[in-house]
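Chemist: Spelled out, the chains give:
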Amino acid sequence: MSTEDTSAEGRVEGAPGGSVEGTPRTAQHASKSAAAIDRAKAQGRAALIGYLPAGYPSVEDTIAAGIALAENGADLIEIGIPYSDPVMDGQVIQAATTEALANGFHVAQVFDVVRGITSRTEAAVLVMTYWNPVLRMGVDEFSRRLADAGGAGLITPDLIPDEAAEWMAASDKYGLDRVFLVAPSSTPERMKRTVDASRGFVYAVSIMGVTGARASVSSAAKDVVAAAHAAGAERVCVGLGVSNAGHVREIAAYADGVIVGTALVAAIGEGGVDAVASLTKELSTGLTQEEA
Amino acid sequence: MVRLMVDAPAAGSDESPVDAFLHGARPKDDMPQGAPSLRHAPGPYFGSYGGRWMPESLIAALDELEDTFEKAKADPEFTAQIAELNKNYSGRPSLLTEAKRFAEHAGGVRIFLKREDLNHTGSHKINNVLGQALLAKRMGKTRVIAETGAGQHGVASATAAALLGLECVVYMGAEDCRRQSLNVARMELLGATVIPVTNGSQTLKDAINEALRDWVANVDNTHYLLGTAAGAHPFPAMVRYFHEVIGEEARAQILAQTGRLPDAVCACIGGGSNAIGIFHGFLDDPSVKIYGFEAGGEGVETGRHAATITLGKPGVLHGARSYLMQDDDGQTIESHSISAGLDYPGVGPEHSYLADIGRVSYEPITDSEAMDAFRLLCRTEGIIPAIESAHALAGAIKVGQRLAAAGNDAGGAAAGAVSEKIVIVNLSGRGDKDVATAAEWFNLLDQDSPEAEIALEGEQL
Ligand SMILES: Cc1ncc(COP(=O)(O)O)c(C=O)c1O
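Residue numbers (this note's numbering), protein chains in the order written: chain R, 1 to 292; chain Y, 1 to 461.
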């Protein structure tokens, strides 16, 4: 199933503390994210990926909203870990995660959220996290617990392959997807390196900026996707600023998946789980790949 | 690890002993034989610290900065530009002043103050901002952004931007803007725009977060002028490079004034820029003990402090792996200090490395120890230090007393030797900005005066 990982042997030259446990892979792990994207592809459409911050407004609500996402057309679900210093997030997500932390959210609860959704749906569930919470728990322990909870892998906004030796090893050991980001500013060399290190899909940042709703999709997104495909990525999904079915339709024409964050966070904040369900249904109408 | 020996930015070209030293006339036998040099560590890693824990979107900008910096270092035109600005704009070399009356309270050792407080804008910060602003120009950037806590780095950045004709935007926690309204006015007088940050804990770390968000969105025309020796590579090594002049001068000056190297060098640690600047001059002198003093706040046992190395654990924040004040979940813990410039839950990665290998000792100094030293320097030397620098002064008193005790233990014959012991303190800034805080601390204001009301809020008079 997974082919993007063939050259990713987890060791990045120049990285520090290179003494990660060398756990030789005994079996090829199937990528849950790749499988979910390929199921969508088989239906002639792009995959829909919805983001929700864990614990906003409560852990129970995140689980219920995750299930609603899956039942209304999302193929993959991205659960964010609230973090004190979210440098890649705009106002809406910052406000939500700050509230979750103020309500006492703890990192280990993310596994409850993942288990709560994976035990009830077919969706692939990834965790999106800044790196320090993972480091603090221990990369190996975090990975083991995520795999136990049925999680598909991690999306890592502030971890680049250059620093990922430990995560490369742990993700291989536990069969987790590692979704790195590529950006409009990525050079061809970095694009290649990041695509090679990724498994499941590559996250194409649509714009030079942070999360947040925007009126239109940046024209840069299409170029980033093309560059990632050219560098060998089989599955490239686009995120940042995607907020309505029109945006989804535009991106679905050239990408393998479309990632929606801020709009869903605003929906759960304003209208709860029902609002997430109806927005997901609405967004999914844009998925069918048409000629652009 | 490969360590390249490169020339630090030199001061003026007059042939004083200091200048001769700066131009390379260092006696050969000063270099320890065999031991690998700790100087000029190029990054990205300092042991297992440092690196680039950053969004991919910013990696190209960091690469461009690194490339520009490496080329600039090798370009005589750039080093001459820095030397000229240091001399004729900032007022370098800064003095090395012996503090004889202050030293009486430090066990009777000799204490010398490296007078970064005498630089233009009143602190060491100017060394770094001039260098980075010149690099911004070299990269063709027209806009610089900066974070600031109390406003010292913001004022320095606004100054460099005005001098070089760059647009300047400063991010500052909303609470700090209110408390330091005079520094906000200073930045605005210098033509900068100050943006209050209302996210998260509304402190310095959130100002850095907001500056990073701005940088991601505007990296085409914008340089992020980070104010301390922290952050993603190349910032720690680059910020140190621009501050190395402090240690180079201090080493030459102490040799010129006393004929020998000091027994100890002391500096305060916020993110660690003034400290790494002076430490660098002495890293390869094994006889020189080096001390970094962190903000112990209300006491490390209270939890209200900024003693990152003393009590933190390694983690990643703002682009580097380093010691970090964090909880069991890896969430950053808010720091506390009477000194806004030391009130940061992280620390530069080179300091974490120097701590681990034991080359530098890091210790906490409480608010009240720092304020005692603050008052002592005012009264014994006629110098009002920044409260940040007062942490280094308080540390120097302890170091002096320990040196004296060790000397006395060695027996009567050694008693005379105590007065031969030498401690250098980096006086990183002047205390004008801290007058209100100090007046409030020492109860110097009439109870019902408008000044007392302002000081209660921590504002400047
Ligand atoms: C006078 C002075 N000293 C020290 C510091 C601490 O910064 P660093 O540790 O980078 O020298 C500051 C920061 O604002 C400062 O203004």
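Treat the hints with care, since some could be wrong.
[Claimed, not checked] Derived DSS-like pairs: lysine-lysine, alpha-carbon spacing no greater than 30 Å straight-line:
id, chain 1, residue 1, chain 2, residue 2
1, Y, 313, R, 173
2, R, 173, R, 192
3, Y, 100, Y, 289
4, R, 192, Y, 100
5, Y, 313, Y, 100
6, Y, 73, Y, 87
[As the list claims (entries may be wrong)] Far from chain Y, some chain R residues (derived; all Cβ distances over 12 Å):
id, residue
7, 72
8, 83
9, 106
10, 133
11, 136
12, 161
13, 246
14, 249
Read the hints as simulated data drawn from the structure, not as lab findings.
The C-beta atom is built at its ideal place from N, Cα and C for all residues, glycine as well.
Chemist: A separate judgement is required for each hint: does it hold in the structure or not?
Modeler: These are the hints, each one checked on the structure:
1. Restraint check: the Cα-Cα separation between residue 313 of chain Y and residue 173 of chain R comes to about 26 Å, which is no more than 30 Å; the hinted pair holds.
2. Taking the CA atoms of residue 173 of chain R and residue 192 of chain R, the gap is near 23 Å; set against the 30 Å cutoff, the hint holds.
3. At roughly 21 Å between alpha-carbon atoms, residue 100 of chain Y and residue 289 of chain Y fall within 30 Å of each other, so this suggested pair holds.
4. Using a Cα cut-off of 30 Å, the hinted pair residue 192 of chain R and residue 100 of chain Y is violated, with the two alpha carbons roughly 62 Å apart.
5. At most 30 Å may separate the alpha-carbon atoms for a hinted pair to count; residue 313 of chain Y and residue 100 of chain Y exceed this at roughly 39 Å.
6. In summary, the hint linking residue 73 of chain Y to residue 87 of chain Y is supported, as the alpha carbons are separated by about 18 Å, within the 30 Å threshold.
7. With a least beta-carbon separation of about 30 Å from chain Y, residue 72 of chain R lies farther than 12 Å from that chain, consistent with its non-interface assignment.
8. Against chain Y, the non-interface label of residue 83 of chain R is violated: not every CB pair exceeds 12 Å, the least being about 7 Å.
9. Distance check for residue 106 of chain R against chain Y: the nearest CB is about 6 Å away, which does not clear 12 Å, and the non-interface claim fails.
10. Distance check for residue 133 of chain R against chain Y: the nearest CB is about 4 Å away, which does not clear 12 Å, and the non-interface claim fails.
11. The Cβ of residue 136 of chain R does not lie farther than 12 Å from every Cβ of chain Y; its closest approach is about 3 Å, which violates its non-interface assignment.
12. Against chain Y, the non-interface label of residue 161 of chain R is violated: not every CB pair exceeds 12 Å, the least being about 9 Å.
13. The Cβ of residue 246 of chain R lies farther than 12 Å from every Cβ of chain Y, with a closest approach of about 23 Å, so its non-interface assignment holds.
14. The beta carbon of residue 249 of chain R sits about 25 Å from the closest Cβ of chain Y, which is more than 12 Å, so the claim that it is off the interface holds.
Going through the hint list in order, the structure does not satisfy hints 4, 5, 8, 9, 10, 11 and 12.
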